[in-house]
Every structure is written in structure tokens, then in C-alpha cells.
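A.B. asks: So you can see what is in the structure, the chains are spelled out below.
There are 4 protein chains.
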Amino acid sequence: MVIDMEKSITVVGGDLRIVKLIEMLDSDGYKVYTYGLENSEEILNLERVEMCPTLEEAIAASKVVVGPIPLSSDRRRLSTPFGRNNVELPDFVEALKGKYLIAGNIGIKEELEANEVQFTDLLKREEFSVLNTIATAEGTLQIAMEETQRTVHGSNVIVMGFGRIGKVLAKMLDGIGAKVYCEARKDEDISWIKAYGYNPVHLNDLNANLNKFDIIINTIPFQILDEERLDLVKKEAIIIDLASNPGGVDRKAAREKGLKVIWALSLPAKVAPLTSAEFIKETLYHVLEEL
Amino acid sequence: MVIDMEKSITVVGGDLRIVKLIEMLDSDGYKVYTYGLENSEEILNLERVEMCPTLEEAIAASKVVVGPIPLSSDRRRLSTPFGRNNVELPDFVEALKGKYLIAGNIGIKEELEANEVQFTDLLKREEFSVLNTIATAEGTLQIAMEETQRTVHGSNVIVMGFGRIGKVLAKMLDGIGAKVYCEARKDEDISWIKAYGYNPVHLNDLNANLNKFDIIINTIPFQILDEERLDLVKKEAIIIDLASNPGGVDRKAAREKGLKVIWALSLPAKVAPLTSAEFIKETLYHVLEEL
Amino acid sequence: MVIDMEKSITVVGGDLRIVKLIEMLDSDGYKVYTYGLENSEEILNLERVEMCPTLEEAIAASKVVVGPIPLSSDRRRLSTPFGRNNVELPDFVEALKGKYLIAGNIGIKEELEANEVQFTDLLKREEFSVLNTIATAEGTLQIAMEETQRTVHGSNVIVMGFGRIGKVLAKMLDGIGAKVYCEARKDEDISWIKAYGYNPVHLNDLNANLNKFDIIINTIPFQILDEERLDLVKKEAIIIDLASNPGGVDRKAAREKGLKVIWALSLPAKVAPLTSAEFIKETLYHVLEEL
Amino acid sequence: MVIDMEKSITVVGGDLRIVKLIEMLDSDGYKVYTYGLENSEEILNLERVEMCPTLEEAIAASKVVVGPIPLSSDRRRLSTPFGRNNVELPDFVEALKGKYLIAGNIGIKEELEANEVQFTDLLKREEFSVLNTIATAEGTLQIAMEETQRTVHGSNVIVMGFGRIGKVLAKMLDGIGAKVYCEARKDEDISWIKAYGYNPVHLNDLNANLNKFDIIINTIPFQILDEERLDLVKKEAIIIDLASNPGGVDRKAAREKGLKVIWALSLPAKVAPLTSAEFIKETLYHVLEEL
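Protein chains in written order, with numbering that gives the first Met the number 0: chain A, 0 to 290; chain B, 0 to 290; chain C, 0 to 290; chain D, 0 to 290.
Honestly, the hints are just simulated from the structure, not real lab data.
Because the structure is a prediction, the values reported are computed rather than measured.
Certain hints may be false.
As the list claims (entries may be wrong) - In silico EDC-like links for lysine to aspartate or glutamate, alpha-carbon gap of 20 angstroms or less:
1) Lys269/B - Glu125/A
2) Lys185/C - Glu289/B
3) Lys269/C - Glu145/D
4) Lys185/B - Glu288/C
5) Lys211/B - Asp173/A
6) Lys178/B - Asp173/A
7) Lys233/A - Glu146/A
8) Lys280/D - Glu146/A
9) Lys269/B - Glu235/A
10) Lys185/D - Glu277/A
11) Lys234/A - Glu41/B
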């Protein structure tokens with residue numbers, strides 16, 4: 000195996016977005032060495048993609064290694080849904096010595112530094128997080144449409160939390176004709192909500208308003224919809240929780256009250272793998288330029 | 000059975016929207032007599048709803064009879080998806096003598112007039128068609144989200160035809176961040192498309208532009224996407240056809256070319272039965288006021 | 000004077016929009032013969048523009064004659080704000096024999112037909128009226144900004160009448176963050192107002208709502224704001240009347256009550272002569288194609 | 000003069016916004032003592048407003064003193080456009096001993112602290128700056144409409160800088176139908192521009208795009224439009240500079256090239272004093288709650 004390191008990238012593991020990314024890298028002229036993606040048919044016959052027999056050969060072939068987003072779901076093994084064999088994290092770190100790793104939610108900083116691996120965590124790149132927000136917001140809208148017997152148009156919808164996702168989601172909801180309310184705690188965010196033309200609901204006034212919403216969307220990483228607040232929610236309302244573990248809803252209490260809660264995580268990979276792959280590529284190229 | 004005809008309505012047959020309508024009529028204080036809805040559990044225990052044992056008794060109980068939307072799907076029997084027995088159209092007409100019928104796509108004008116039945120076709124009420132458009136547009140958006148691996152945000156989308164559905168759909172697509180193109184044939188519509196801020200594509204320029212769209216939505220009741228035009232469409236594009244029978248796409252040719260076509264009909268009943276029921280109720284009340 | 004009639008146009012009279020139109024025609028390669036525009040400096044030195052010494056010579060030079068929009072403001076003389084001499088309408092008709100006239104609000108149909116003059120009234124072309132609406136709506140927005148000490152953003156604004164201007168104006172008002180209410184009389188229009196996501200106000204409910212508006216914009220060619228209704232208007236509100244003579248506001252009563260009324264006519268020529276000229280050109284070319 | 004300090008506020012100096020603020024405070028039940036506002040007729044006859052004969056008496060009457068926004072325009076005297084006499088800054092500081100000052104752009108921190116005056120600078124409150132942005136953005140739109148012969152609708156407009164003003168301005172421009180481009184330097188901001196659906200222009204690509212804009216709006220406090228870049232601007236374009244002293248445009252070079260530059264400062268006070276006063280009041284009340 001003779002290797003031109005000039006325009007080559009190694010990709011180890013990853014989900015459908017990474018598969019789509021490889022197709023794009025191939026079409027942009029990159030030589031791509033892979034491992035842990037053996038069961039992905041889309042890339043089998045691509046001209047410039049080479050599936051390597053071992054993890055070590057794949058990593059040795061390039062200076063830059065792209066890993067899964069997130070790197071691992073159990074903190075023990077690499078996330079390789081399309082792989083034939085498991086890859087233990089320590090083996091991965093060992094093989095990476097002297098290389099540059101680009102992945103998401105890396106979380107094993109010390110181990111990498113101890114082994115002289117440089118790295119960039121895509122999920123800590125603001126530019127990537129913002130782009131990802133587009134797919135998360137649109138996926139949330141899709142869920143809202145699928146899970147209700149009403150049109151979102153004309154529905155009373157509250158978005159709790161006015162961070163990245165809240166901002167993009169509120170714009171889309173407004174764009175299809177929902178009556179949009181945004182909850183926030185800080186005066187500054189209340190000002191922004193007014194500036195963008197949505198109806199502001201200060202946290203202090205949340206309880207007094209909860210019973211009017213058909214759709215409640217939470218983005219706050221904190222159990223804001225506790226048992227007491229759930230009592231104030233309309234029976235026919237649906238709650239979409241976008242907050243990562245442990246989520247922002249007391250799910251047990253919600254179940255007992257017969258409320259419909261959808262806990263929606265990792266939407267970009269699910270609803271728009273292709274667009275997500277483009278976002279990854281765009282950010283990856285920015286990182287490569289900075290190296 | 001003693002009947003107060005003052006505030007009573009009879010409902011015969013109909014889909015989930017009609018079931019929801021009955022719940023609303025009940026809650027607005029109407030006495031509702033039904034037939035052909037025996038399998039609808041939602042309305043079994045409603046206080047003011049009475050399921051009649053025969054078609055004749057149901058119809059006799061009120062001056063106004065609400066029928067299915069559309070009235071029939073095979074021109075022979077009433078549309079009664081929740082009914083236990085079939086209702087032949089001639090029997091229905093016979094029973095209606097002297098009553099007022101409100102339904103959709105009635106289509107048996109002469110038979111009704113011959114039997115002294117007055118009627119209003121909801122689907123010919125512009126106010127109702129416009130409201131229905133909201134649910135159709137939102138359902139189309141939902142399909143576009145479900146059937147693509149991309150976000151609709153940022154996609155190139157063309158809406159062919161700038162009638163009722165085209166107008167509302169273009170607004171929603173724009174509202175979630177799609178790049179919206181609208182096709183029209185008349186200069187007047189091209190002016191409207193400019194006024195609303197979308198990208199106009201005159202029918203004469205359609206072929207030259209077809210290859211740039213990720214999502215193609217047709218509202219024109221005419222086979223505009225024939226074999227020749229389908230040759231110009233991107234392989235990865237999806238086509239959503241909203242035109243009623245026979246549709247606006249040469250489906251056989253599309254299949255041969257491996258293009259993905261979704262023929263989406265009757266969206267309001269499918270994606271938003273509750274909102275649709277509200278639209279029916281609103282229009283029904285307007286009709287009742289005019290009687 | 001040797002004349003190539005192939006690509007020549009004659010322009011007689013007109014306001015700043017017509018002057019701008021001439022510049023565009025010149026730059027598109029047309030030979031332009033003019034009369035009644037002697038005081039317009041912009042076109043004095045244009046290569047292909049020839050100011051003719053008499054009305055008759057100007058008209059003789061081309062098959063197609065473009066006239067003012069509107070043709071006349073007093074029904075006696077041509078509208079020639081940039082002209083040195085007056086042009087009486089009968090003389091204009093006389094000179095046009097056998098030619099094709101394109102102008103606005105022509106109004107002397109019989110005289111023209113009697114003299115074998117064919118004509119197209121631009122203001123009766125729906126495509127042109129719709130384009131003009133853009134400038135009218137934007138001009139109205141400008142007035143609303145100039146005449147209030149508040150931001151339009153966040154203000155309660157009602158647009159009375161949901162015709163062409165109402166539709167475009169409501170969209171712009173909504174687009175900058177006003178709280179938009181639209182008044183209409185027909186159920187069909189109320190449906191459209193809902194579909195577009197504005198707050199509908201049926202004419203029957205207008206009086207009950209009038210006191211909440213900061214800005215009231217009328218597009219209805221009928222005195223809808225009579226003395227009784229003006230009594231219901233907030234003292235600090237401003238009223239912008241877009242209805243042509245006699246207008247939609249009882250101006251005498253408004254003055255007595257100390258209400259601020261702006262009667263805004265002919266906005267496209269005033270606020271956006273350049274864009275208006277482009278609209279005229281676009282429509283003119285469509286008319287020429289159809290000849 | 001017996002003073003109930005409980006619900007009283009002293010106001011010294013300030014422009015029309017402060018006058019409007021006093022009207023609102025009066026109507027909210029505050030006793031208001033003023034100085035330096037003698038020529039403001041609106042507040043002369045208000046029930047709870049008392050114009051004090053001396054600065055000292057006015058300040059002595061309340062715990063909280065509201066000053067001009069900005070406090071001074073020459074760093075020597077208080078800004079008192081409606082006052083009869085000048086107030087030197089040192090005299091003002093002297094009189095404030097032990098009080099709480101709320102004003103804008105205070106800038107004399109050390110002097111105040113030395114004299115035991117506590118203070119809050121409204122212009123450093125993010126909530127206030129965001130609200131102010133609404134009026135700035137709308138004022139900019141008004142200028143764009145007034146200074147061009149085109150509609151902003153359909154025009155190519157670039158907003159340079161995607162901070163607070165850039166965000167709100169881009170939304171409004173998009174809302175009335177402009178073709179909106181936003182310039183930014185950081186990848187993160189480029190992501191936001193995409194998420195909001197505008198056309199991103201990275202600073203690196205600015206020069207290559209400058210010639211296509213009809214309207215150029217600068218919000219960057221740095222001379223970004225230098226002589227070289229001005230050479231790339233269309234002759235008919237207008238430039239609106241919102242950057243405070245020294246501004247973002249080489250005005251001398253612009254003048255020599257015949258380019259139209261509008262340097263627009265302090266828009267909220269000019270275009271929407273009433274709305275601005277409401278923003279001040281809202282923020283003032285938040286500050287009072289925090290005391």
C-alpha cells in the first residue's frame with residue numbers, strides 16, 4: 000500500500016452522516032482510508048475510498064483522522080454502527096499517536112494528550128453547533144407536525160429557553176404561522192424575544208401561561224417541567240423535550256397524568272443526515288485550513 | 000324519540016374530521032343525530048349525541064343533514080369509513096326529501112333537485128377551500144421533511160402553479176428557510192410572485208431551470224411533468240404531486256427513471272383532522288346563518 | 000429626419016418615471032423620440048434620444064406612442080410636468096391617427112376609437128397594478144415611520160380592505176414586526192387573512208376594535224371612516240388613507256376631532272420613481288410582444 | 000416643600016425621550032422632580048411633576064436621579080436641550096452626593112465614586128441596548144426608503160457586521176422583501192447568517208461582491224469602507240453608516256468619488272422618541288427593582 004499523504008483523510012467509525020461525508024470527500028478529490036465502516040454499502044465502490052483491514056493501517060495512512068460524532072456512546076467503545084468489529088477506546092487512542100483527531104464529544108482529553116494526539120472537538124466549534132441547530136429545529140417541527148392532529152399553523156406554541164435552538168426554532172415556527180411564545184429568564188433575552196417579534200414569557204410568568212399552549216418545546220437542560228408545572232398543562236398538549244440527559248421533563252409524572260411527551264435527541268443525524276454531513280464537511284475544512 | 004328540531008343537526012357518514020366535528024357540535028350545545036358512524040368510539044358517550052338505528056330516523060330528526068366530505072368515493076355509496084352498514088346514494092337521496100344537505104363534492108345535483116333537497120357543497124365555498132389550503136400546505140411540508148435526507152431549509156424548492164395552495168405553501172417554505180421558486184404562466188401571477196419576494200419562473204423558462212431543484216411540488220391539474228421534463232430533473236430530487244386525478248406527473252416515466260414521486264391527496268384529513276374539523280365547523284356555521 | 004421605425008418608440012409627456020423609462024429604453028438600444036419633456040435634463044444628452052420640435056413630428060416617428068400615467072389630470076390636457084408647452088387632448092388624439100398608444104388611465108376610449116387609434120391602458124393590466132402595489136406598500140410604510148413618534152415594530156396596525164394593496168402591505172408590516180390586523184367583509188377574505196397569519200377583523204367587528212390601533216391604513220374606495228367610527232379612534236393614532244378621490248375618511252370630521260390623517264396618493268411616482276419606471280418598462284415590453 | 004421620598008424620582012436634563020419618560024412616570028403615579036427641562040411644554044401642567052428652581056433642590060427630593068442619555072455630549076456640561084441654564088458636570092456630581100444616578104454613557108465613573116454616588120449606565124445594560132436596536136433598525140430602514148429612488152423591496156442590500164443591530168436590521172430588510180446579504184468575519188457568525196436564511200458574505204469575499212449592492216449599511220466601528228473598497232461600490236448605491244465616531248466610511252474619499260453617504264447616529268431619539276421612552280422606562284423599572 001503506497002500512500003500519498005498529501006490529500007488523504009482517514010475516517011474511523013461514525014453514523015450515516017459520516018458515510019455521506021465520505022462520499023463528499025471522495026467527490027472533492029480526497030483519498031479516504033476507512034475502518035469501522037465495513038457494512039456501509041454506499042461507499043463500497045467509490046473510486047478513492049479504501050477500506051483498510053486493520054485499525055492501525057487505516058490510521059497510519061493519513062495525518063488527520065475523523066472519528067464518530069459523538070466519539071462514543073458508552074465511554075468504552077468507539078461508536079461504529081456500520082462496523083464489523085468493535086473498537087475499544089484505549090486501542091483507538093494508542094493507534095492515534097502523533098496524529099490529529101477530529102470528532103465530536105471527545106471527552107477523553109487526558110488520554111489523548113498523554114499519547115501526543117492533537118484534536119478538535121467539532122461539537123465545541125460554535126460554527127458547527129449553530130449549523131446543527133438548523134437540522135434540530137426542522138426535525139422538531141417535523142415531530143410537532145407528525146404528533147398532533149392539528150396544524151402547527153395557528154397553534155399556540157411555547158419554546159422554553161432562548162439559546163441557539165430556541166432562536167432558530169422560533170423563527171421557523173413563526174414562519175409557518177404558529178403563534179409563538181418564548182420563555183426566558185434573563186431580561187436581555189426577553190428584549191431579544193421582543194426584537195424578533197415573538198411573545199415573551201418571563202420565567203416568573205410561566206406558570207400563569209402554561210395552560211394555553213398546544214405545543215410545548217423545551218430546550219433547557221434542567222427539569223423545568225416538574226410535577227407541579229405539568230399539572231398546569233392542557234391534557235391535549237404535546238411536549239417535545241430537546242434537552243439531553245436527564246431531560247427537562249419529569250417523565251414519570253407526565254406519564255401518570257397521561258401527557259404526551261416526545262424526548263427527541265440527535266435529530267440532525269435522524270432527520271437530515273445529508274445536510275448534517277455538509278455541515279460536518281464545511282467545519283472540517285475550516286479546521287484543516289487552521290492546521 | 001321526542002325531537003327538538005331547534006338546535007339539532009344530523010350527521011351521516013364521514014371520516015375522522017366529521018367525528019371531531021361532532022365532538023365540537025356537542026360541546027357547542029347542539030343535539031346531534033348520527034348514522035353511519037357506529038364504529039367511532041370518540042362520540043359514543045357524548046351527552047348530546049344520539050346514534051340512530053336507521054338512516055331514516057337520523058335524517059328525520061333535523062332540518063339540516065351533514066354528509067361526508069367528499070360525499071362518495073365511488074359514486075355509488077356514501078363515504079362511511081366509521082359505519083357498520085353501507086349506504087347507497089339513491090337511498091340517501093330518497094331519505095333526504097325536503098331537507099337541507101351540507102357535504103363536500105356532492106356531484107349528484109340533479110338527483111337531489113329532483114327530490115326537492117336543497118344543498119351546499121362545502122368544497123365550493125371559497126372560504127373553506129382557503130382554510131383547507133393551510134392544512135394541505137403544512138402536510139406537504141411534513142412530507143418534504145420526511146422524504147428527504149436534507150433539511151428543507153436551504154434547499155431549492157419549486158412550487159408549480161400559483162393558485163391557492165401555491166400561495167400558502169410558498170409562504171411556509173420561505174418561512175422555514177427554503178429557497179423558494181414559483182412557476183406560473185400568467186404575467187399577473189409572475190407579478191404576485193415578485194411582490195411576495197419569491198423567485199419567479201415563467202413556464203417558458205421552466206425547462207431551463209428544472210435541474211436545480213431538490214424538491215419539486217406540483218399543484219397544477221395537468222400533466223406538466225411529462226417524460227421530457229422528467230429527463231431534466233435531478234436524480235436525487237423528490238417530486239410531490241398535489242394535483243388530483245390523474246395528477247400532474249407521468250408516474251410511469253418517473254418510475255422508469257428511478258425518480259421519487261409522492262402523490263399526496265386529501266392531506267387535511269390525514270395530517271390535521273382536528274384543525275380541518277374546526278374549518279368545517281366554521282364554514283358550517285356560516286352556511287347555517289345564511290339559511 | 001430619416002427614421003428607422005424598426006426599433007423606435009415615441010414618448011409624449013409624463014412624470015419622473017417616464018424620464019427614467021426613457022433612460023432605460025435608450026440603454027436597451029431603442030431610438031426614442033420625445034415631445035413634452037423639454038425640461039427634463041437627464042435625457043438631454045442621451046445618444047438615442049431625440050427631442051422633436053413638434054408633437055406631430057414626434058408621433059410620426061414611431062408606430063408606438065407612450066403617454067403619461069395617468070394620461071391627464073384634468074381631462075383637458077396631457078399631463079406634461081416636464082414639458083414647455085401644453086398639449087390639448089383633442090390635438091393629441093388627432094395626431095395619433097393610425098398609431099398605437101400605451102398610457103395610464105386613458106379614459107378617452109371613444110375619441111381614440113373614432114380616430115382609429117389602438118391603445119392599451121397600463122393601469123388596467125393586472126401585472127402592472129400588482130407591481131405598482133409594491134411601491135405603494137413601501138411608500139405607506141415610509142409614511143407610517145415618518146409620521147409617528149413610535150416604531151411601527153410593536154405597534155397595533157390595521158389595514159382596512161384585503162385587496163392587492165392590503166395583501167402586500169400586511170406582509171411588509173408583519174415583516175418589520177408590527178402587530179397586524181386586517182379588516183375584510185367577505186368570509187373568503189377572512190380565510191385568506193388567517194392563512195397568511197394576520198389577525199382578522201370582520202367588518203361587523205370593526206367598531207369594537209377600532210380603539211386599539213396606533214396606525215390605521217385604509218385601502219377601501221368608500222368612506223368607511225365616517226364621523227361615528229372616527230369617534231372610536233385613539234387620539235394619538237394616525238390614519239393613512241390610500242383610497243383615491245373622494246377617499247375613505249371623513250376628513251372634515253377628522254380635523255374637528257384633532258385626528259391626524261394623511262391622504263397618500265400616487266405613491267409609486269413619489270417614493271420610487273426608478274423602480275416604478277422598471278415596472279412600466281417590463282409591462283411595456285410585454286405589451287410590445289403581444290402586438 | 001414637603002417630600003414623600005417613597006415613590007418619587009428626580010429627572011435632570013435629557014432630550015425628548017426623557018420628556019416622554021416623565022409623562023409616563025407621572026401617569027404611573029410617580030412624583031417627579033425636574034431640573035434642566037424648563038422649556039419642555041408637554042410636562043408643564045402634569046399633576047405630579049414639579050419643576051424645581053435649583054439643581055440642588057431637585058436632587059435632594061429623591062433617592063434616585065435620572066440623567067440624560069448620553070449624560071454629556073462635550074464632557075463638560077450635562078446634556079440639557081430643554082433646559083434654561085447650563086449644568087456643569089462637576090456641579091452635578093457635587094449635588095449627587097449619596098444619591099443613585101441612572102443615565103447613559105456616564106463616563107465620569109471616578110468622579111462619581113469619589114463623591115459616593117452609586118450609578119447604573121443604561122447603555123451598558125444589554126436588555127436596553129437590544130431594545131434600542133429595534134428603533135435603530137427601523138430608523139435605518141426609513142432612511143433607506145427616503146434616500147433612494149428605488150423600493151428597498153427587491154434591492155440588493157448588504158449589512159456589514161452581524162452584531163445586535165445587524166441581526167435586527169437584516170430581519171426587517173428581509174421582512175419587506177429586500178435581497179439581504181450579511182457580511183461577517185467569524186465562521187460562527189457566517190453560520191448564524193445561514194441559519195437565519197440571509198446570504199452570507201465572508202469578509203474575505205467582500206471586495207468581490209461590493210459592486211452588486213444598491214444599499215450598503217455599515218455597523219462596524221472601524222473604517223471598513225476605505226478608499227480602495229469605495230472604488231468597488233456602484234455609483235448609484237447609497238451608503239448608510241451607523242458606526243459611531245469616527246465612523247466606518249472614509250467620508251472624504253466617498254465625497255470625492257461622488258458617493259452618497261448618510262452618517263446616521265442616535266436614531267432612536269430621532270425616529271421614535273416615544274418607543275424609546277418606553278424602553279427607558281422598562282429598563283429603569285428593572286434597575287429600581289434591583290436596588
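A.B. asks: Below or equal to 20 angstroms on CA atoms is what counts here, so check Lys185/B against Glu288/C.
C.D. replies: holds, 14 angstroms
A.B. asks: Given the proposed pairing of Lys234/A with Glu41/B, does the C-alpha separation stay at or below 20 angstroms?
C.D. replies: holds, 16 angstroms
A.B. asks: Can you confirm whether the C-alpha distance between Lys269/C and Glu145/D stays at or below 20 angstroms?
C.D. replies: holds, 10 angstroms
A.B. asks: Given the hint that Lys211/B pairs with Asp173/A, test it: the Cα-Cα distance must not exceed 20 angstroms.
C.D. replies: Cα-Cα ~27 angstroms, so violated.
A.B. asks: Measure nothing beyond the straight line between the CA atoms of Lys269/B and Glu125/A; if it is 20 angstroms or shorter, mark the hint as holding.
C.D. replies: violated, 39 angstroms
A.B. asks: Regarding the pair Lys185/D and Glu277/A, is the alpha-carbon distance no greater than 20 angstroms?
C.D. replies: Answer holds: Lys185/D to Glu277/A is near 19 angstroms, not above 20 angstroms.
A.B. asks: Taking only the CA atoms, is the gap from Lys233/A to Glu146/A under or equal to 20 angstroms?
C.D. replies: holds, 15 angstroms
A.B. asks: Does the alpha-carbon distance linking Lys269/B and Glu235/A stay inside the 20 angstroms limit?
C.D. replies: holds, 18 angstroms
A.B. asks: Quick one, are Lys185/C and Glu289/B close enough, alpha carbons at most 20 angstroms?
C.D. replies: holds, 13 angstroms
A.B. asks: Within 20 angstroms, alpha carbon to alpha carbon, are Lys178/B and Asp173/A?
C.D. replies: holds, 17 angstroms
A.B. asks: Is it true that the CA of Lys280/D sits at most 20 angstroms from the CA of Glu146/A?
C.D. replies: Given pair Lys280/D, Glu146/A is violated - Cα atoms ~43 angstroms apart, limit 20 angstroms.
The structure does not agree with the numbered hints 1, 5, 8 stated previously, though it agrees with the rest.
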